[in-house]
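In order, the protein sequences belong to chains A and B. Under our numbering, the first sequence has 167 at position 167, and the numbering climbs by one with no breaks. Under our numbering, the second sequence has 71 at position 71, and the numbering climbs by one with no breaks.
The set of hints was computed from the structure by calculation and includes no laboratory data. No experiment lies behind these values; they were computed from the predicted model shown. From the three backbone atoms N, C-alpha and C, an ideal C-beta is built for every residue, glycine too. Incorrect hints may have been included.
According to the in silico footprint, chain A covers these stretches of chain B (three or more CB under 8 Å from chain A) [unchecked claim]:
no., segment
1, 12 to 21
2, 82 to 95
Covered stretches of chain A, going by a simulated chain B footprint (3 or more residues, C-beta under 8 Å) [unchecked claim]:
no., segment
3, 113 to 123
4, 127 to 140
5, 191 to 199
DEER-style ranges, computed between Cβ atoms [what the hints assert, rightly or not]:
no., chain 1, residue 1, chain 2, residue 2, range
6, A, Asp99, B, Arg241, 20 to 28 Å
7, A, Asp188, B, Ile186, 51 to 59 Å
8, A, Leu257, B, Thr174, 28 to 36 Å
9, B, Cys177, A, Asp252, 52 to 60 Å
10, A, Arg233, B, Gly27, 52 to 60 Å
11, B, Leu226, A, Gly206, 52 to 60 Å
12, A, Glu81, B, Leu20, 33 to 41 Å
The chain contents come next:
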Amino acid sequence: MNLPARNLAAPDGQRRPAARGAPAASGPAAVSVASLSKRYGAVTAVADLTFDLAPGTVTGFLGPNGAGKSTTLRMLVGLAEPTSGHALVLGRRYADLDDPARRVGAMLESGDFDPGRSGRNHLRTLAVAAAIPDRRVEEVLGLVRLQDSAHRKVRGYSLGMRQRLGLAAALLGDPEILLLDEPANGLDPAGVRWLRDLLRRLAAEGRTILVSSHVLAEVAQTVQTALIINHGRLVATVAPAQLTGGPDALEDLYLSLTAEETA
Amino acid sequence: MTALIRSELLKQRTTRTTALLVLSMAGLLALVVLLHALSLKPANLTPRDGQLKVLGWGTGIGTLFAALLGALALTAEFRHGTIRPTLLVTPRRERVVVAKLAASVLAGLAAGILAEGFAAALETAGLAARGIPISFTGGDVARLLGGGTLAAGLFAAIGVGIGAAVRNQVVTITGLCIWSLLIETIVIGNVPAAGKFTPGAAAGAIAGAVQNQAPSQLIGLAPGLLLLAGYALAAAGLGARAITRRDIT
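Isolated chain A, as found in the complex:
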């Protein structure tokens, strides 16, 4: 009676840290991007991009503005159709997920709010559509520290407050995968610190997180793996913790890989 129970417990206990430590861990990928390309007329926004995210990992998605980060995220959540290749979450197209809001939370750019609607009502319209109870709206408002401003129209929000409201919307369904596009934009230093702590907490709960940024310092201390993309192509996959060369190592590498963009 005791033996099978111990045997069951052991691999389970090993699986979580293994999955978090190494993106290449076996098992179904939380996010799977393969040979993904997107062309808009003559412009190639994403070119033959391939990467997998293992469950429970925190990954940075780095690149200059216009490198193709946002386009990739839009294809992952079905807003844009790939020209070729595929972008899957939990092994499926986003639109084919049964209850997408509870599986994947995404925050795309800032400013996806009706300025004439209050922050709380913005979240309520989404919660009602996803059959998420009002109680959860209050929970996420507390989580992003917006409960005192939630009754006000978004028109009066600072950029940082809008970012936090977007984050609250992404967290509404308590999803296992978080896709965050430039979440630190517009946050003040205290806000950036708060975001970093929140991301660490969310990661510690075993969620898979992909966070894009063009500001390295924001993500270097949070992510296990950084995907660096430029001109729509993946140019490097690095583990910031394993880079030698001191605190500037990731920045040095990034700048050398994206040199012509920033020169």
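Following the hints, position chain B against chain A.
Frame of chain A, contents of chain B only:
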């Protein structure tokens, strides 16, 4: 689907846009109906047809604002980017369009009954002020309230379809206003042979009155219903197709 429709109804209630549109509708009706009722020659206003032509502004303006309410359900989301979170929660876009159709038709029905009722009240007051006897009947008003409301509901669906296809809010609203108040009104009044097949004239045929044309020149209740339902289906289909096929940038 009930949850999605409730979400769309909540969106209508949680900004001031809906209330502002209804107020604008009331203001425009007051201006247009009183202008006609107070300034037309008594000889033009005394016959029943003349009075129905003025009452018909309730149909014209009610259906226009129903279409605007429907169009805004999509163009406001494109304008502010909320279409993205909306589609993240409901990635099957045709479901979002169906929910918006349902919520907008409800709002359109409300706009229709308000417009027809208000127009009838305004004209009654205007005629009374000039001592011109009322020649339209209680039956006319009942037909306006029932038919005009139904027509406005169908116009809301037309608005959803056009908003989904055009996406740009200013272009959509300006286009709908110019079409309804200017082009259609002129065509209905001056080229009745073709004008009676416009969506506005079809609405007039259902309601029994439209601006600028005598009811006898319209195509009648059943053909009007068929024609307007056809327009609504075509517009909604076009909009759903545009939403499901094109990227959201």
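Here is what the structure says about each hint:
1. For a cut-off of 8 Å, the count of residues in the segment 12 to 21 of chain B with a CB near a CB of chain A stands at 4, and the three-residue condition holds.
2. Three residues within the 8 Å Cβ limit are the bar, and the segment 82 to 95 of chain B against chain A gives 10, so the coverage statement holds.
3. Closer than 8 Å: that is the beta-carbon criterion, and the segment 113 to 123 of chain A has 8 residues meeting it against chain B, so the requirement of 3 holds.
4. Three residues within the 8 Å Cβ limit are the bar, and the segment 127 to 140 of chain A against chain B gives 4, so the coverage statement holds.
5. Three residues within the 8 Å Cβ limit are the bar, and the segment 191 to 199 of chain A against chain B gives 0, so the coverage statement is violated.
6. Take A:Asp99 and B:Arg241: their Cβ atoms lie about 26 Å apart, and the range 20 to 28 Å holds.
7. Remark: the range hint 51 to 59 Å for A:Asp188 to B:Ile186 is upheld by a beta-carbon distance near 57 Å.
8. In this structure, A:Leu257 and B:Thr174 break the distance hint of 28 to 36 Å, their C-beta atoms being roughly 48 Å apart.
9. Taking 52 to 60 Å as the suggested C-beta distance range, the pair B:Cys177 and A:Asp252 conforms, at roughly 58 Å.
10. A hinted range of 52 to 60 Å holds for the C-beta pair A:Arg233 and B:Gly27, which are about 57 Å apart.
11. At roughly 58 Å, the beta-carbon separation of B:Leu226 and A:Gly206 lies within the given 52 to 60 Å, and the hint holds.
12. Taken as a hint, the range 33 to 41 Å holds for the pair A:Glu81 and B:Leu20, whose Cβ atoms sit roughly 36 Å apart.
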